[in-house]
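Undergrad: Given only the sequences and the hints, what does the whole structure look like? Please build it.
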Amino acid sequence: MGYFGNIWDGIRTTAQGLKLTTSVFARAVTKGSYTLQYPEENLPIDPVTHRGIHEYDVDRCISCEACAKACPVDCIYIESAPDAKGKPTKGKVSVMTRFDIDYSKCLFCGLCVPPCPSECIQLGARYSLPGHTRDEMVVHFHEGGYPVAEKTDHAKKMIEEFRAEGLYAKKRAERAALGIPTLRPADG
Amino acid sequence: MNLRELLTEHLPQMPEAISGIVMALLLALIPALLVVAAVVTPVGLLGVYAERRLSGKIQDRSGPNRVGISIGPIKHHLWGLGQSVADGLKLLGKEDFVPPGGEKVLFLIAPLIVFGGSLALFAVLPFGPNLVGADPNVGIFYVLSIGALEVIGVLMAGWASNNKWSLIGAMREVAQVGSYEIPMGIAALCPVLMTGSLRLSEIISRQAAEPVIWGVHIPIPGELFLGWNVFAAFPFNIITFVIFYICCLANLKRAPFDLPECESELVAGFLTEYSGMRWGLFFLGEYAAMFALSGIGATLFLGGWTGPVHYLAVHGFGAAPGGIGDIVGGAIEFTWKTSLLFILMIWVRWTLPRMRLDQVMRLCYKYLVPAAMVCMLATAAAALLG
Ligand code: SF4
Ligand code: SF4
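Sequence order for the protein chains is A and B. Under this note's numbering, the first residue of the first sequence is numbered 1044, with each subsequent residue one higher. Under this note's numbering, the first residue of the second sequence is numbered 2, with each subsequent residue one higher.
Since the hints were derived computationally from the structure, they do not count as laboratory data. It cannot be assumed that every hint is accurate.
Which stretches of chain A does chain B cover? Using the computed rule of at least three CB atoms under 8 Å from a CB of chain B, they are [claimed, not checked]: (1) 1076 to 1084; (2) 1203 to 1213.
Computed cross-link-like contacts, DSS-like style, restricted to lysine-lysine with a CA-CA straight-line distance of at most 25 Å [as the list claims (entries may be wrong)]: (3) A:LYS1135 / A:LYS1213; (4) B:LYS58 / A:LYS1074; (5) B:LYS58 / A:LYS1062; (6) A:LYS1199 / A:LYS1135; (7) A:LYS1128 / A:LYS1148; (8) A:LYS1074 / A:LYS1128.
In this text, a Cβ means the ideal position worked out from N, Cα and C, and glycines have one as well.
TA: See the structure below:
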């Protein structure tokens, strides 16, 4: 390319570039930019495949600790109310006094989900847990979990069973008697 | 011979140009101080804000849009206007770090020289009729020489940082200066040729007179576009204006000429070791100089504070010359032209990729210098014709 060809090329490509940025600018101004204003706007999330904060039904949990044992980083802390002999209650009648998940440790691997015999724990679509301290990263699920979105046949059967035996109401009353508030809704 | 003797014995005999510069520097001091508070800081902060918002939109994002005011019940995001203020306050609170092994004194005064250099440009910037700090007889000469002062600050910063990145950045700046100063000077000569004076106020008043293009008188008021220097020796001074503008970009070290900073190769070039408010001074200085050079470009080629808005103020609303309407109209005129050139700088920065040093030199020596020469000859011919 000759001397003047170079000059023309420079002018042409510069104009091309300026045109491109103008078109993006015009689109961003008239139609809004591609990015979202996060806390006010959210990207839609697939609740089935997304691995976020757990969904957990505190009333259906049988305190078997299978999830805690499966957890590779040991971030699930489980305690249940003692029975008449002073031993922690296990099985259908167990009343959870502590079910904490420390999200500063949790790696959202999902290994806690398959072992659960009552299918009351799952990874959900929630992902926002802002806070200033490490303590705020611990969610107290015994104060009420989040309803499990996807219920298998087994889970549905168990819910029926628990309802029929009046376990939901009973456990809630017992927790209330122990002074544990119910902050979030559960399944039953 | 000491400095006092030098000044007392030789100053009177010095060529008028040099004593003019010394006088301008002294005269510049007081308005400069006022201008820092009233103009430079707001211009710098607004410039940073504009740059960030516009670049955001160009990259299909929002840019800063949250930091506003929250005083009691008054809460508003103010479209993010508070962001620059918040960033400035943050910089004020940061450590003033001096790298061990560097030249401490040079390192500390380098940002002051760069900032002072861009500040001194404001001293001769004609914002409007009578709205000017100083109007020395060496106007353009002063602008070009003060604009070059900044290079010394950059070289000092790079040299004193005891850091390879900084030094390479500074050396690039020095190499770049040699290439852009020549076409810039030639381009700035064209308005001078048309006017026959280096004084900025005379250059402006010539552009407000009845336009003469290639010796042909055009019977409309010069303020309506045609009198402007861009249209003198049509179409050559349009090219001159573009050359001047490109050289301004190189002078300001802005993309595509940001080789001395060059984040992707040199960390931050000569700024690598700077932190806190000293870094902030470089930054503020850059935006202030952007505004000042845009203003100089508008003054030399686009009629300065004379133009359609000013014309409307004087002839449409009957503002008296030197009165408040005259001044306000002129200031608005100057501001819109300068802002336009300023925004163009931002637009160019977010469009063009960075050049290599050899490409910069090739552009300046091989293309801009000959083109500027041709335009200057044509302007001289046009000046002879009328
Ligand atoms: S998702 Fe993984 S890390 Fe988190 S609680 Fe479950 S098993 Fe533990
Ligand atoms: S595995 Fe399921 S039932 Fe067992 S403790 Fe964990 S959540 Fe509760």
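Undergrad: Within 25 Å, alpha carbon to alpha carbon, are LYS1199 (chain A) and LYS1135 (chain A)?
TA: holds, 15 Å
Undergrad: Would you check the hint for LYS1135 (chain A) and LYS1213 (chain A), treating anything up to 25 Å between C-alpha atoms as holding?
TA: holds, 11 Å
Undergrad: Given the hinted pair LYS1074 (chain A) and LYS1128 (chain A), is their alpha-carbon gap at most 25 Å?
TA: violated, 68 Å
Undergrad: Compare the distance between the alpha carbons of LYS58 (chain B) and LYS1062 (chain A) with 25 Å, and conclude whether the hinted pair is satisfied.
TA: holds, 14 Å
Undergrad: Counting residues of the region 1203 to 1213 of chain A that have a beta-carbon nearer than 8 Å to any beta-carbon of chain B, does the count reach 3?
TA: violated (count 0)
Undergrad: Does the alpha-carbon distance linking LYS1128 (chain A) and LYS1148 (chain A) stay inside the 25 Å limit?
TA: Status violated; Cα separation ~34 Å.
Undergrad: Does LYS58 (chain B) pair with LYS1074 (chain A) here, judged by a C-alpha cut-off of 25 Å?
TA: holds, 11 Å
Undergrad: Using a Cβ cutoff of 8 Å, are there at least 3 residues of the region 1076 to 1084 of chain A near chain B, or does the coverage claim fail?
TA: holds (count 4)
Checked against the numbered hints given earlier, this structure breaks hints 2, 7, 8; the rest are met.
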